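For reference, the chains in residue letters:
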Amino acid sequence: MRRVTEERPAGPGPEPVLDVRDLVVEFATEDGPLRAVDHVSFSVGRGEIVGLVGESGAGKTLTSEAILGLIRPPGRVSGAVRFRGLDLLALDEATLARIRGKDIAMIFQNPGASLNPVFRVGDQLVETMALHLGEGRGALRRRALEILTRVGIPSAAARVRDYPHQFSGGMAQRVMIGMGVACAPALLVADEPTTALDVTIQAQVLSLIRRLARELGMAVLLVSHDLGIVSQMCHRVIVMYAGRVVEEASVAAVFRAPAHPYTRALIACLPGLDDGNRLGAIPGVMPGLKALPRGCRFHPRCGVAEARCATEEPVLRPAGAGQIAACHLVGAR
Amino acid sequence: MLRFLLSRSGQTLAVLFTVSVIIFALMRMIPGDPVLMMLGDDFTQAAYDRLRAQLGFDRSIVVQYLIWLQAILGGDLGDSYLNHERVSRLVWDAFLPTLSLVVASMLVGILVAVPSGIVAAMRKGSAWDWGSMGFAIFVYSMPSFWKGIVLIWIFSVHLRWFPAVGYVHPWENFWEGSWRLVLPAITLGTFFSGLVARIIRSSLLEVLDQDYIKAARARGVRRAALVYRHALANAMIPVVTVIGLQFGTLLGGAVLTETVFGIPGMGRLTVAAILNRDYAIVQGAILVGVLAVVVVNLAVDLTYAFLNPRIRVA
Amino acid sequence: MARPLDAEVLPAQAPAAAGAPSGAGAARRWWRRFARNRGAVFGLAVFLAIVLMALFADVLAPYDPVIQGVGPANEGPSWAHWAGTDSFGRDMLSRIVYGARIALVVGIVAVLLAMIVGVTLGLVAGYYGGAVDAVIMRVMDGLFAFPIIILAIAMMAVMGFGVKNVIIAVAVGFIAPFARVTRADVLAVKEEPYVEAARLAGVSGPAIIARHVLPNVLAPIIVQAALRVSGAIITESGLSFLGLGPPPPTPVWGSMIAEGRNFIVMAPHVSTIPGIALMVTIVGLNLLGDGLRDTLDPRLRR
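Residue numbers (this note's numbering), protein chains in the order written: chain E, 1 to 333; chain D, 1 to 314; chain B, 1 to 302.
Hints were generated in silico from the structure; no laboratory data involved.
Where hints are given, some of them may not hold.
To be verified - Mimicking DSSO-like on lysine-lysine, the simulated pairs with C-alpha atoms at most 30 Å apart in a straight line are: (1) D:Lys-214 x E:Lys-290; (2) E:Lys-290 x D:Lys-124; (3) D:Lys-214 x E:Lys-102.
To be verified - Computed spacing ranges between beta-carbons, pair by pair: (4) D:Arg-8 x E:Ala-90: 51 to 59 Å; (5) D:Arg-277 x B:Val-265: 31 to 39 Å; (6) D:Arg-277 x B:Gly-69: 28 to 36 Å; (7) B:Asn-262 x D:Gly-32: 29 to 37 Å; (8) E:Thr-195 x B:Ala-197: 29 to 37 Å; (9) B:Phe-263 x D:Arg-312: 51 to 59 Å.
The model shown is predicted, which means the values in this text are computed figures rather than measured ones.
We put the beta carbon where it would ideally sit given N, CA and C, even for glycine.
Assemble the whole structure, with the sequences as input and the hints as a guide.
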């Protein structure tokens, strides 16, 4: 079933850095193909910080990995992922490898596990740069030092010879970020970069990302389950549920007037300092891919579901200036 | 690293102590009067009494153990019951051929197992994978002594490519020695490779699933470098440990293989000694054999500590 | 005091452990998973065939295995003697069929003995820890340093030859692996909440071990046992090959191979056929062991 998005929000002006159209990620299983990402479309403009938000299992990590072609069989990817006009899904592995790490970089959730434990950190940094930049080893080593300093690692000259296990989580993530921006990419995909870190470190790492994005004119796709982080960092937000996009809007609009019931519920769950004692929660759990409900995927947990929500699938429709949502109740007001 | 070294060395000493106690106990449990056996034909009452006192048989078992231990540590493994030759000399002469067989087998095994395991992991689920793993189970399950006999039948009796029995030190005559070692090394080595190939495969598969491989790929590292540099460097570390720890198993296998190929090693020495009730040799051979295994195990642990940055650089 | 509690309040088996079985439904699931592995099913078939051969040797063997001269010496396979005859004119097929008995008995009994002793030691060492643990494990390390054949040879030197001693010698060699595996799992299970709860409820040490720890470490132990039986049989064959096993004319595959060595040129079947029987048994047992491991121990799934 092809989903047609009627209008896009007026976000990015000139040609977007990243344009994802009808992205589908399927897994072949004994019971037939399972769609973990079901016709997801969005774009990221030059220098924009876009948040991709959803619960665990909503498909946001798979979406981010599909962009760089990291999905391995039995996963299958279809649709179009255009980077500066070039469809990444149509490229062969060798060409894609030249783009990875250079024009598009990705950082992951668990920084300690994302660094090869038997190689020195400096060597891994130099390797990345050697792959994409034409300079000599000596120059690259100097660059590595500069990068480590730039991302805020103290005593970089000593640390460059250390192994990953000698870095704390926060420091390791800074190293990953350093490796990500080493070749000044146009887009940084950050998959839950702070989830595994202490709260105090989270803020530091996020501000580092924001600063670098600004300095390099880099766009960022920030994947997170934490709407609070997204509200601090991003210009725009895309909300995913059960493999689909359910809302897309600027951060200001989403917090001022969330259009989709799921988004409203997510915002309501954010703990505030003067909230009293209760932590809000959305009743129920996100449906597994094998047991998707008919009609709107969110309707079993929705507080305002109507009769047709159980039979008709809603499409994304405008819900305000630069805001779209997939809900039958949107626009009906 | 230093702490690791110290603790492992301490552990090794404890193991050596336990081993010595076990061997001493076993030897003492052998029925018969060891002093009588030692004297053999040279029995006179005076000699008997003298030797008995010398070995401390009139004192407690602990003292006997200490006297025994002191001799062992001084390199004195006693004399053969039968011909009164120095056991240490006999065992050393027999140890060298066994050692060269084990080393040659390891070489053969690694040469076969490494490519086999890597290919199986890279083409998981394919005919290559099933084929090489099936072959691995096959050669691993074949009893080595029987495999040796079959190889002799095919390659020595029918094809006449290799001599069936006989041994020459490879360091004395390289070509002759190595040639004679080919069939025995294949016999023992293929058994070894069957085990190692499966471990390489599973280790490599596990590593390829790791986040850092995905992250390296996301940075643009090509497939070849991903596997042969990033993945193998990690996957081979536990494999090296396994290979080293197999030294003991190979030593045991060598005992049987030597008998088939007529190699004058520890196996032949020990079995003949048992059948001749020459327990001095049996004791000496077992001591040296186990000592070798323990030393190699310690070396393996130290190598692992060196290879694994998490231990090497605390 | 605390006695009534453990009988009624605490469950006999705790949930959430890798191998804890419960009822026919779980057993059927395991079978289905096991059956998907064709190698494992083949291994099971081979094992059952060997067991049947051993049990019904009297019926299956066409001749008495120890009687000499039932046929011409060293004659290859023929209609009268499907597997030929050996140098003493004994029927090979009968000897192979009876040989299965010794192989299986030694393999299974030795492993069972080793399992009982080794698992007990591992349970005690793992659960009580401290000095007990240190002492037991050092002794195990010492035992472990001996290559099994060498240890067996040493023990035979002490005890003399014969089937019973072979079993004991082989069993002693396998105690250490069982103890180690058990101890490692006990250390993990020891930290589980249900063990903690039992301890707080005042259940005695041995009762906790028997009721809560043991069932949850059972799966890897069974896998070890299955994998070790083939090793036991190989060791026993090796010992027999060297002449240290049951005395002639007992039909044992290892010594049959040794006897046939002298006639390898003119009568290769005398060595080859028992070797094939041995190899098929070992391959089957190894596949079975691998299959059991893949089925029962999800942690090791590739």
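Quick rundown of the hints versus the structure:
no.: 1; hint: D:Lys-214 x E:Lys-290; result: 27 Å, holds
no.: 2; hint: E:Lys-290 x D:Lys-124; result: 27 Å, holds
no.: 3; hint: D:Lys-214 x E:Lys-102; result: 16 Å, holds
no.: 4; hint: D:Arg-8 x E:Ala-90: 51 to 59 Å; result: 55 Å, holds
no.: 5; hint: D:Arg-277 x B:Val-265: 31 to 39 Å; result: 33 Å, holds
no.: 6; hint: D:Arg-277 x B:Gly-69: 28 to 36 Å; result: 34 Å, holds
no.: 7; hint: B:Asn-262 x D:Gly-32: 29 to 37 Å; result: 32 Å, holds
no.: 8; hint: E:Thr-195 x B:Ala-197: 29 to 37 Å; result: 32 Å, holds
no.: 9; hint: B:Phe-263 x D:Arg-312: 51 to 59 Å; result: 56 Å, holds
Of the numbered hints given earlier, the model fails none.
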